[in-house]
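Peer 1: This is what each chain is made of:
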Amino acid sequence: MIWQLIKVDVAWRFVKRTAILFGAFAAVWHFVAHHASHTDRSGVTLFLMFFAPLFSLGVTPLVQPVDTRFQATLPVTVRQVFAARMLSTIALQWLPVVTGAIILTVLSGPGLSGMPLLPWSVVTCIVLGIQCGSIRGFTIRRALAFLAAPILLFILDVAAVALDWPLQNSLAWYLAPVCCWLLTAVVVARTWRLVPAYFQLPSAEAQPAPSAFVADNAPSNSRRLVFANIVSPHPAWIVCFVIVGMLAASNWAYQIGLLWVPLGALWESTRSKTRWLVVLPVPPRRLLASILLPALLAVTVGYELGLRIPRIADTLERGVVVTANSVAKITNISKDCKMFNVIPPLEFRVRAQADHAPLIRAPWGETFQPAINSFYGFDVYNPYASNCDNSERFLDWQFARATTAVYGQSIPRDLAAGSYVVISQLAIPRIRKHLVTIGVMAFCLMLAMLATTLEDWYRLRRIKPVLRRIVCLLASLLFMVLFILFNYLCQWLSWALPSNPFGALAAALAALALIYWPLDAMFRQLEFEQKPVRSRL
Amino acid sequence: MDLFVNPSGELSLYRQIMRQITDAIAGGRLKPGEKLASHRELSEQLVIAPLTVKKAYDELEALGYIETQRGRGTFVCAHLPRTDAADQADQIRETARKLLSQAYLAGLRFSAVEKILKDADRELTGGSAKNTPGEKVKS
Amino acid sequence: MTPILKFTNISRSYKKGVPVLESVDFSIAPGEVVGLLGRNGAGKTTLIRIAMGMLYSHSGSVRVFGLSPTEEPVAVKKRVGYVAEDQVLPARLKISELIDFHRYLFPQWNEALERQLLDRFGLNTGSKIKQLSKGEARQVALLCAVCHRPELLILDEPAGGLDPAARREFLETSIQLLNREGTTILFSSHHMTDVERIGGRVVLLDKGKVRLDRQLDELRDEVCMAMAPRASAGSAAVFEQMRGCLSVRLVLDEWHAVFNGSPEAVRQELRETLGIDGIRCVSLPLEELFIELVGGDRKEVVAA
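Residue numbers (this note's numbering), protein chains in the order written: chain A, 664 to 1200; chain B, 13 to 151; chain C, 762 to 1065.
It is worth saying that the hints were derived from the structure and are not from the lab. Here a beta-carbon is modelled for each residue, glycine too, at the ideal position from N, C-alpha and C. Misleading hints may appear alongside valid ones.
To be verified - So the derived list for chain C, only partly shown, Cβ under 7 Å to chain B, looks like this: (1) Leu932; (2) Asn940; (3) Gly943.
Said to hold, decoys possible - Capping the alpha-carbon separation at 27 Å, the derived lysine-lysine pairs in DSSO-like fashion look like this: (4) Lys1127(A) / Lys777(C); (5) Lys1127(A) / Lys889(C); (6) Lys776(C) / Lys895(C); (7) Lys895(C) / Lys1127(A); (8) Lys968(C) / Lys1127(A); (9) Lys777(C) / Lys767(C).
To be verified - Computed footprint of chain C on chain B, listed as stretches where at least three residues anywhere in the stretch have a Cβ under 8 Å from a Cβ of chain C: (10) 86 to 93; (11) 103 to 113.
All chains, full assembly: derive it from the sequences and hints.
Peer 2: Below is the structure:
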């Protein structure tokens, strides 16, 4: 009986599709990530971790109460339904991730140490807790659920990861997830005992008595506001976009792939909310803009915020770094030489025009020949470099030059702090980098929109549903490739584009126009066939 | 005047209207020269299509019962179409014979039929036989 | 005169071999009232959605006011009012906000009509749409569709699920619009009495094809059904071969055959073909005609 209930549970119905998606993503990751020099597999599972909870939270707690109303008429007990729901939620959390991890292992070889158990368990426990709450009839106000959930998850995720790495291989690393699971088991058991034998649906909300007919002569809001009010995304999804934007500023920039989740959900809720608009003379372009622009704005805001929050910003981009040991890997100099090097953010490296970099010459005659490294396929050199042979004076001079270039003013360095010194003041990239990153995010956003709405395009609707799904899957995979290469793309573009901001802007706009044109054309040709879905937001 | 239509009835709607108007004229409830409701008013009152009303009025006009005066409305004709009363009398005799035969077969006596006829007359004329437009016919 | 709505050879299939619409071809002149009838799943809603540009036809074309609704959606929708049974209005908005929104989209809004309808329906404009009952929500939808003086009104089972009083109000409003603005109306409905009241033309769809396209008056006067005993004909083919036969079906112990023509003419023809005199021929109300033409066969039930 429970198995039958699981089969019809909404979470279970998504397991197959999600597992395939994650498996495909893992495979794509494997083949593409080499070029982007992301070999961090825990990053992958982190990415996957984000998907499933957002998904489960998006789908299950809102749809399952509707299912409850139907199941209440069937000859099943509440406990059976409860058990079925718990099991299918756990399946939705774990099966797809395990699939992805297995595929990665098969492709990249064993070594699944990259699968952080603690954060994963935390996330699962939260979702199960919410399920318990929902079956006992606690209805969280939807808006609150959607607003709080992603923020909470994000914070917990980050905290868990932050704890995970230092704790690795210690006893605590094994104990913590076990404690998590125990806590969940306690909550589940308690709910099991407290759950009533028979369904009791909450009584319908008391309809407010219609007051006497009063002509509402209040002047209407500005017409634009009315329109925006109707189609604007729910605040919860805006938060998701902001978070994704913040990630774009961070070391986990490839998590820009998460853009797809809120966008997909946004489109779903928009589609149901705006089905009534289809019969009104609303230009499709305006509808598209009302979906994309708030998302783009939110992502931009998130990005700008992320650049200014210390922990989030990319280590490579955090600021001017003076480092001792790590340089050895980059410049192939023997480890005995205790040298110091000045490493500015990546965008301050200069492309080499000839076979070797130009000689750096200090005013008093000291020279240094920087080596040429390959970053993202470009030959670049560091104009603020120094090495063992150079004096401390040279180092100071380079440091002063570097900080002037990055921060606009010279900052004295303090070697006493240790083997490496990091300027705590965050380096905000120059306008060009901003434009490039935001441009790429806009491109990703529009591409995600294209992939999401592709299913409704009328030409596709004529082919068999199976074929249609395959096409959409391929489009999504293409999109995922872009995510993985996000950093690469941003950096490549920022070097390849003309050096002045206006040139960069022009090129960015041209590229955006290139993706916007098919999106706009396709958006006009969507079909709205299905019965309207009750809006979940 | 009160009209009533039954969309699922045996006759089409416009014929029902025609029948009721001719009945009313016959019973004297609609007097010659009396103004009828306009297409629009009647269609909104009865909740039927205006074209249906128009069709009924057109047919009645063709038969000579009503006439439309431009700008003023539709009126019952002052002089109703002169049909040959003698011919009609033959048909009516035939109908009467059928009616009595049907009634006797059903077990009704002549007095019952008379009562039925009186009731029908009351319905048509609304109470006063003086309203009927006809003349006395020598039987 | 250019037709307001013109379907040319519209076909659409759900998947290969399962047609939803097949070569549907008809047009609607300005000021006409056309009722689209058919069983559930005959393709009425699909046809209406194609007219609104919500769906694409796999072959053929549709023109509304001479424009294509998929290529010039805004120009078309500005002149069309649409009410459907499965319409979902935005739940969070208040009625007044929704009306404001429509006022913004349609510059030719008729304030007097809006006030009259609000009065007649007795709606509180401050209440949210999710608090309304089905009938009230439908009334709001009708108000929004009608107050901007559309040239074409498209109604997709607008009275579906409404109580008789609400249905009557709907009809009254439509007829009022017909009278005062000369709006063209295309509607689909299952309530045959409403269809008979509002009159006009009837297009009957059967499994995606146009089965009948006649004026309603003609249907009553010039179509009749003959009821012949089962023994009078060996098979349905006997009737189908006769001139003017629209449909034949066996209902328990009788053949029900629908013919073009007056009852006397049909009786005469039957006398000649079958050799039987005095076969009952009746003219049909629309509901019975519908069942005869597109209903299923009712064979005799063998007693257990």
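Peer 1: CA of Lys1127(A) to CA of Lys777(C), is that 27 Å or under?
Peer 2: With a Cα-Cα distance of about 8 Å, the restraint between Lys1127(A) and Lys777(C) holds, given a limit of 27 Å.
Peer 1: Given the hint that Lys895(C) pairs with Lys1127(A), does the C-alpha gap stay at or below 27 Å?
Peer 2: Cα-Cα ~36 Å, so violated.
Peer 1: When you check the alpha-carbon spacing of Lys776(C) and Lys895(C), does it fall within 27 Å?
Peer 2: Not satisfied, since the Cα-Cα distance of roughly 33 Å exceeds 27 Å.
Peer 1: Within 27 Å, alpha carbon to alpha carbon, are Lys968(C) and Lys1127(A)?
Peer 2: It holds: about 21 Å lies between the C-alpha atoms, which stays within 27 Å.
Peer 1: Are there three or more residues in the stretch 86 to 93 of chain B whose C-beta lies closer than 8 Å to some C-beta of chain C?
Peer 2: With 0 residues closer than 8 Å to chain C, the stretch 86 to 93 of chain B misses the three-residue bar; violated.
Peer 1: Taking 8 Å as the C-beta cutoff, is the stated coverage of the stretch 103 to 113 of chain B by chain C satisfied by three or more residues?
Peer 2: With 0 residues close enough to chain C, the hint is violated.
Peer 1: Measure nothing beyond the straight line between the CA atoms of Lys777(C) and Lys767(C); if it is 27 Å or shorter, mark the hint as holding.
Peer 2: Holds - the C-alpha atoms of Lys767(C) and Lys777(C) are around 26 Å apart, at most 27 Å.
Peer 1: For the hint on Gly943(C), just tell me whether its beta-carbon gets within less than 7 Å of chain B.
Peer 2: 10 Å, violated
Peer 1: Starting from Lys1127(A), check that the Cα of Lys889(C) is at most 27 Å away, please.
Peer 2: Answer violated: Lys1127(A) to Lys889(C) is near 41 Å, above 27 Å.
Peer 1: Let me know if the C-beta of Asn940(C) comes in closer than 7 Å to any C-beta of chain B, holds or violated.
Peer 2: Holds, because the Cβ-Cβ distance from Asn940(C) to chain B comes to roughly 5 Å (cut-off 7 Å).
Peer 1: Are Leu932(C) and chain B close enough, Cβ to Cβ, to be under 7 Å, as the hint says?
Peer 2: Check passed: Cβ of Leu932(C) comes within 5 Å of chain B, closer than 7 Å.
The structure does not agree with the numbered hints 3, 5, 6, 7, 10 and 11 stated previously, though it agrees with the rest.
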